[in-house]
Each structure stands twice: as C-alpha cells, then as structure tokens.
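Student: Protein chains in written order, with this note's numbering: chain V, 1 to 287; chain Z, 288 to 647; chain C, 648 to 765; chain Y, 766 to 891.
Quick caveat, the hints were computed from the structure, so don't treat them as lab data.
Chain Z stretches covered by chain V per the calculated footprint, using a threshold of three residues with CB under 8 angstroms from any CB of chain V:
no., stretch
1, 411 to 418
2, 470 to 482
3, 623 to 629
With a cut-off of at most 25 angstroms between alpha-carbon atoms, the simulated PhoX-like pairs for lysine-lysine come out as follows:
no., chain 1, residue 1, chain 2, residue 2
4, Y, Lys856, Y, Lys783
5, C, Lys699, Z, Lys570
6, C, Lys759, C, Lys689
7, Y, Lys774, Y, Lys854
8, C, Lys699, Z, Lys572
9, Y, Lys826, Z, Lys334
All C-beta atoms, glycine included, are put in the ideal place defined by N, C-alpha and C.
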Amino acid sequence: MMRQLILLIATIVVAPFIGGLLFGIDRRITARLQGRFGPPILQPFYDFLKLIGKERIAVSRLQFVWIYAYLVFMVGSLLCLVFQSDFLILVFLLGFAGVSLVLAGFSTKSPYSHFGANRELLQIMAYEPVLLLLAIGIYAQNGTFLISEIFNQSRPLIFSLWPLFIAVLYVLTIKMRKSPFDIATSHHAHQEIVKGVITEFSGPYYALYQLAEWYEIVLVLGIVALFWTNPLWVGILIALAAFLLELLIDNIAARMTAPWMVRLSWTVGLILGVLNIAYIYFTKGVS
Amino acid sequence: MATRTTVPFGPQHPVLPEPVQLRITYEDEKVVEVVPVIGYGQRGIEKACELNEYNKNIYLCERVCGICSYQHSESVVLATEQLWPLDIPPRTKFLRTIWAEMARTHSHLLWLGLFADAFGYESMFLQFWRIREKVLDILEQTAGHRVIQSVNVVGGVRRDIDEAQKKTVIDTLNVVRRESDDLVNVLINDYTVKSRTVGVGVMTKAQAMALGCVGPTLRGSGVSEDARLTKYSAYGELNYEPIVETAGDCYARMKVRARELFQAIDLQMEALSKLPEGEIAIKVKGGPPANETVARTEAPRGELYYYAKGNGTRHLERMKIRTPTFANLPAVLILLPGCQLADVPVNIHSLDPCISCTER
Amino acid sequence: MALMLPTILRNFFGGPATRMYPVQVREPFENARGHVTFNDDKCFLCGLCATKCPSEAISIDKEKRLLTFYPARCIVCEVCALACPGDAIDMVFKWRAPFYHKPVEVHESRGKRPRTPM
Amino acid sequence: MENIIQITKNDIVNEGKKLLDAGAKFVTAVCNDLDEKLEVTYFFSANRGVDLTCLRYTVGKDEEVPSLTGTTLSTLLIENEMKELFGLKVKDLAIDYGGHLMLAHDSPTTPMLKPKKAEAESKGEI
Numbered sequence: 001m002m003r004q005l006i007l008l009i010a011t012i013v014v015a016p017f018i019g020g021l022l023f024g025i026d027r028r029i030t031a032r033l034q035g036r037f038g039p040p041i042l043q044p045f046y047d048f049l050k051l052i053g054k055e056r057i058a059v060s061r062l063q064f065v066w067i068y069a070y071l072v073f074m075v076g077s078l079l080c081l082v083f084q085s086d087f088l089i090l091v092f093l094l095g096f097a098g099v100s101l102v103l104a105g106f107s108t109k110s111p112y113s114h115f116g117a118n119r120e121l122l123q124i125m126a127y128e129p130v131l132l133l134l135a136i137g138i139y140a141q142n143g144t145f146l147i148s149e150i151f152n153q154s155r156p157l158i159f160s161l162w163p164l165f166i167a168v169l170y171v172l173t174i175k176m177r178k179s180p181f182d183i184a185t186s187h188h189a190h191q192e193i194v195k196g197v198i199t200e201f202s203g204p205y206y207a208l209y210q211l212a213e214w215y216e217i218v219l220v221l222g223i224v225a226l227f228w229t230n231p232l233w234v235g236i237l238i239a240l241a242a243f244l245l246e247l248l249i250d251n252i253a254a255r256m257t258a259p260w261m262v263r264l265s266w267t268v269g270l271i272l273g274v275l276n277i278a279y280i281y282f283t284k285g286v287s
Numbered sequence: 288m289a290t291r292t293t294v295p296f297g298p299q300h301p302v303l304p305e306p307v308q309l310r311i312t313y314e315d316e317k318v319v320e321v322v323p324v325i326g327y328g329q330r331g332i333e334k335a336c337e338l339n340e341y342n343k344n345i346y347l348c349e350r351v352c353g354i355c356s357y358q359h360s361e362s363v364v365l366a367t368e369q370l371w372p373l374d375i376p377p378r379t380k381f382l383r384t385i386w387a388e389m390a391r392t393h394s395h396l397l398w399l400g401l402f403a404d405a406f407g408y409e410s411m412f413l414q415f416w417r418i419r420e421k422v423l424d425i426l427e428q429t430a431g432h433r434v435i436q437s438v439n440v441v442g443g444v445r446r447d448i449d450e451a452q453k454k455t456v457i458d459t460l461n462v463v464r465r466e467s468d469d470l471v472n473v474l475i476n477d478y479t480v481k482s483r484t485v486g487v488g489v490m491t492k493a494q495a496m497a498l499g500c501v502g503p504t505l506r507g508s509g510v511s512e513d514a515r516l517t518k519y520s521a522y523g524e525l526n527y528e529p530i531v532e533t534a535g536d537c538y539a540r541m542k543v544r545a546r547e548l549f550q551a552i553d554l555q556m557e558a559l560s561k562l563p564e565g566e567i568a569i570k571v572k573g574g575p576p577a578n579e580t581v582a583r584t585e586a587p588r589g590e591l592y593y594y595a596k597g598n599g600t601r602h603l604e605r606m607k608i609r610t611p612t613f614a615n616l617p618a619v620l621i622l623l624p625g626c627q628l629a630d631v632p633v634n635i636h637s638l639d640p641c642i643s644c645t646e647r
Numbered sequence: 648m649a650l651m652l653p654t655i656l657r658n659f660f661g662g663p664a665t666r667m668y669p670v671q672v673r674e675p676f677e678n679a680r681g682h683v684t685f686n687d688d689k690c691f692l693c694g695l696c697a698t699k700c701p702s703e704a705i706s707i708d709k710e711k712r713l714l715t716f717y718p719a720r721c722i723v724c725e726v727c728a729l730a731c732p733g734d735a736i737d738m739v740f741k742w743r744a745p746f747y748h749k750p751v752e753v754h755e756s757r758g759k760r761p762r763t764p765m
Numbered sequence: 766m767e768n769i770i771q772i773t774k775n776d777i778v779n780e781g782k783k784l785l786d787a788g789a790k791f792v793t794a795v796c797n798d799l800d801e802k803l804e805v806t807y808f809f810s811a812n813r814g815v816d817l818t819c820l821r822y823t824v825g826k827d828e829e830v831p832s833l834t835g836t837t838l839s840t841l842l843i844e845n846e847m848k849e850l851f852g853l854k855v856k857d858l859a860i861d862y863g864g865h866l867m868l869a870h871d872s873p874t875t876p877m878l879k880p881k882k883a884e885a886e887s888k889g890e891i
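Assemble the whole structure, with the sequences as input and the hints as a guide.
Tutor: Written out as structure tokens, the structure reads:
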C-alpha cells in the first residue's frame, strides 16, 4: 500500500517534469531542423511559471471546470498506465479527457474556439477507434485487458501487433498536434483558426492546459512503450525513437485538412487494426 | 445541421499581418459569403504627393509598400522623368533593372515562404526566408539598405555597382539559385503541398480578365500579360518573356512565382553581363512641365500604375497610384465562396495581398 | 514528403543559420546607410539639408546659429549627407537603442562659410 | 499620353463595354480636380497589356455619373474611392460602401479636392 502511495505521488510529480522536458527538447530539435538555435530546453517550465502568475480571467465559468476535468482525466488515465490496470479504462479516460477539452472549447463564444472544438471532435473520432482496436488486439493476444498481463508476457507485443503499432504512430502524431495533423490547435496553426480550441484559454488556465499536455505526452509515449515491455528500456527507446520520428514528420509535411485526416485514419489505421486482430484470432482459432 | 457563423477575418488577425477585414460567413466549415472591407490603413499618400516637392515624393512613395518599395520608387521616378521627358543614361536603366529584379527575387522568396506558412509548412517557410536574407544582404551592399533602398532619384540613380560588388552579387545569386532550386523542387512535387493547393481557388482566364487581375495572379490563369513587355528601363534589351501557367488554381499561381524567381535571377545575371559603361545620373533643373503621363512597372505582385500630372512648378498637380493588390482584391469575391475554412488562408495568400499599399 | 528530408537533415547537422544576436553582431556592410551624425565644426548653416530633407527632420535657426535634428523623424535616406556642401553630415552605421521618448538634438554650428563659391 | 478619347459621361458604359468586349482589361480610373469641374479618365489596356486606351469625360461637381460596375466588377473599388475622395456622384454601384471604403466615420469628406477650390466654395456660400 505504501509503495503504491509513493508510486502515485511520484507519477503525479515526476510525469510533468518528463513531459515538459520532452516539449523543451521538441522545440530545440525542431529549431535545429529548421536551422535556428531554438529556446532553452527549460523554456516550457519558464512559460508555465509565468502563466501561473498571470491574472485569472475565465471567459466563462464553465470553461475552467472543463479544463480541470481535462487535467484530472488525463492524470487518471496516466495512473491507469502506471498502476498497470485495465487498458480499456485507460482508453475511455483518455476519451473523457478529450471530450472535456472539446467542451472547454465550446464553452466560450469565440468562433475560432468552436471551429477548433469541432476539429478536436473529429480528431477524437479519428484516433479513438484505433486505440480501441489496440485494446481489442491486446485482449486477443493476452486474453485480458490488464496492462500488468502485458508486463508478464516475455514476448513483446510488437511482434504480433506491428500493424497496430503503425496505427498507433498515427495516434501519436494526432496527439502531439504535429503536421500533417495539427488541425485543431498547435503551436503554429494560426493561419486558419488562430489557436483553435484553446484560443480563449489564458493565464493560469492555459498553464493547466499545458500541464495536462505534459501528462498526455508521457501517457501516449507510455502506450507506445507498452509494445516492448520485457525489458522495458527497449520499449522506452522505441517510444523516444517514435517521438523523434514525429519531429521529423512535422518538419517535412504541410498541414492537411480534417476530412483527409479522418479518411486516412479510418482507412489505413482501421484496416491495419482489423486485419491484425483478425489474423490473431485466425491463428489462435486454428491452433 | 448547417449553422451559419460570420467570422470577422481581420483587421487584426494572425493570418494576415495586414489591416484587411474579410467578413466571411461560414456554413459549418464552408464559406458561403465574403465581403472585403479595406480602409484601415489609408494614409493619404496621394494627397501628400501633391503637397510635396517632386524630389521628396520618391521617399514617400517608397513607403507605400514595404516589400515592393523598389518598384514604387522606380515608378515615381519614371513618371516624373516622362513628364519632361528626360533622357536617362543607359547604365542607369540597367542598374534600375538589376535592383528591380533583385527586389522581385526577395519578394518572391518572401511570398513562397508565406505561402508555405499558409498551409502550415513552417520548416519550408523558414528555409525560404533564410535564403531571402542573402538577397537582402546584396541589396544592402549595393543599394545601401535592405528594404527601403532609396537609390533612385529623378534623373538617375545614386549608387553604382562596381566590379567587386558585381562579383559578390553574382556569387550570392548562384548560391540563392542553388538553394531555392532544392526548396522549389520540394514545393512543386511534395504530396502534402499538392493536396493542399491543386484545384483550390480556380479562376478561369475569362474571370481573371473580367476582374482586372494583374501580375502572377493573372499569369497563373493563362494570360500572358506583363508590364515588362512595355520595355521600360532596360527590359527592351534583355531577353524577356512572361511566365504563364494555365491551370488558374493556387498551385499554378505558386508555380508562376517559383519560376519567376529563377527568371529574375537570370535577368539579373544577364543585365549584369550587359551593363554598359557611362554616367549614372543627369542633372535636373526646375519642375516638370504641365503634362500628364502614366508610368507602368511590374512590381513583384503585379503591374503598378502611376499617373502623374505636372503643372510647371516643383509640385505635381496630381499623382495617382494604382497598386497591384487594388486590382487583385476583387478576385477574393470569386475565390473564397464555396471553399473550406482550411483553404481560406491558402486562397488569400495566393493573391499575395498587400493591403497597406492598396489603400496608400 | 521525403523530398524535404535532405534539407532539414542538412540543417540539423550543419548548425543553425541564425545568429545569437546580442552576443554576435554582424559587421555592417561598407556601403550601408546608417544614422546621421553632424560635425558642428564644419557646418556653416547653408540650410541645404533642411530644405532637401523629405521628412523635415532638420530645422535651422540662422540667427541663433542652431541646427535642430529630430532623429525620430529621420528616414535614413542619405539626402542630407549628399546635399551637404561642407561635408558636415556623415552616415554612421551603428546600432542605436530604440527611442522611449522622441529625442531632439540641438547642434551649435561653428563652421565658417568657405570663401570660394561652391 | 496617347490614345485619349474624349467622350461624354453617358457614353462611358457603352464605350467601356465595347473595349472590354474587344478583349481589353480595365486598369484603373483617375479623377482630376479641374477648378470648376471633375475630369474622370478610365484606363483600359489591350494587346498583352502594352497598349493603353483612355476614356475621358468631364463633369460638373454636382452631376451624377453612371457606373461601370454593372458591366465589370473590376471598377468596384476605384469608383467607390473616387466617390469618397473627390465627391464624384457615381450612381448604381454594385456594392456601395457608403463612403466608408477608405474613410472612417470621422474623416474629412472629399479630402482630395484642391484646397483653393474648397476655400472658394466656402466663400461662395457665405
């Protein structure tokens, strides 16, 4: 019990540091890829501290409720992963978090916020089925949704679930809000919808949003790392490689449109996932 | 299902750092109606031109536009000279052509970057602007300033390009050509770029003519028209033919500008090799006679019309400036309706709008 | 998509193209126009700079022998420096801090008008 | 300047249409303040933009003039501008910005008219 409490606190405290650091590295590497120096690696933390100290102005009362909800669900989802509980619950908590963000976007009157929220909904529509298929794939492979079972297996998931791994890389791009999928909001989606769903976020609330983003990046990379849990450091390396791959893709692609994203995700992602699961059931049924 | 939202696109909007307002009505994410509203940046430059001495107009009109400032100063000088008319030395004409093409190079590089930014290709945007710095550097070395060159005076130019500078310019242009070659290749062939621009914002030849479009916007729709065909400055002695694309969509407009970039570099090389010896300026006394004239130059964005009327004094009777965006702005009315929200910035940027010079 | 890959990899391994600005400052080009400076010992208040200045940044008071310069109005066009018959105006390319208040420079001219006509 | 065709204000629509149908492109229009009257010149370019043709008419300051916007939308902005800056009374504009294309609500009206003219007018009124 004591060990679990320590793990709980450690997760809540350490995860944002890892996430913020990853964002700092992201900005630095992106800058280098574009031929710039880039900000200091600790810049996201400076931004966060500055935002926290700003005046609290909520455009609507509901907005900050939803932002807190987004943060709480995201932390819950991450705890699911750390405590190796049910993967299905993790996916649904992640879904709740996404919906909270959408509602935060809808709770203001700004049209840009609404456009962004609409697109965020489309994004959820695009990546949620893939994650669900991953859950089913894990179930098909291990006979349970429990993440702890993945750790018990000596054979890494990636061997049997590699098509789903490719699909999860799509999810990673969408979740990291990188080109070509940075349609709902991004560091530079200003051309179409200003800042999209987070246009009206400001001061401490925006800081909370960033905090949630840090949890999210750790969570999503953690899901990628699940594909190779024995030994875990290989999985972490795979996750970091995927992270670097996203940075590369971000810099060699233009932003695509929302319909294109949904189309790609539903065709390639779903087909890969369904074929993968069908193959597993097929081989299991035969043996 | 379809809810209508009217979004004021500007006058303060991160997309366009220009004071234009487009009142766009969306149905979900589809544009159904658009009304352009300008007038946020009216500075009364035409009026000020009448109050100024004609010499001072050059520095005023250069500030009509921040990017095609060279062509503005060239036009105002040409218009004033045509009132007499003055006989300009050939070396001056060539120097003016070289600087004009240099300005076009940097403007097109800027536009290509901004256009890449319009569909979210940030790394491409930064690469184009990086190359542009080199062009600005040679402008500073030869003309004295990066953007506002202030090198034209009535009767000639103020600076000369000597042999050492000529060599620097040629070397830099070779580097610029090599580096932009790589990037333009990406821009033209990249799958994501193509899927965002091909078939977006199609304007037919007839529509472009009827709306009075100019410059790359017109040439992207298949009309071979260019003010450089009037052979002002040294263009009559250079090997020049306008670049035309026929598709009429954003991709075609982008290709026109990308090809014009290389054409501008070629024209500079050619002009530098043919640069004649001689005077660079003649003395001008008194004011322009009572006469009227039109000076037409090809700015990077399109044809620039200067109408000037003298009255024998050092002050002009009337100066009328028609900037390229003023002619291109009505095209928004047919480009935007029916397109998606995501294509709005791409469409608007494909016209290369410069609103502050539209309003003067 | 892969077409852009060589460029960004070259950027990554080639180092940044930008400069750490306040630390590293590029030398100005020889030909570049800079800010206007006045040499009071040479100025004999002929007034050519004031009449030719397009932005009315220079005004001259011949009785008090004062030349007043408004740097915030100056557009760095070099017209005054070229017009000056006494070589009293220079263009110096030097970084200048942004203005918080519009400054006014008053120069007391001590130059003598040369005997020989210009 | 060559190719100036003097017409009357009522011919502008027909003459302009004739030029446009012949493949010309509208370039711009210029309004000049001649002390008593306003001189309006429409520029059309043809032959790949090289040749310039001008249609010019002179009207009194309080006369109404027809608009070309019924024929081509490209004259929209310039006719609105002339209306605002010179007080040229253009009727039947396709989109009438109501004097607020260039000018704001508290701007001076018809700023491009010559000052001596405005003085004379105010003296006449007194």
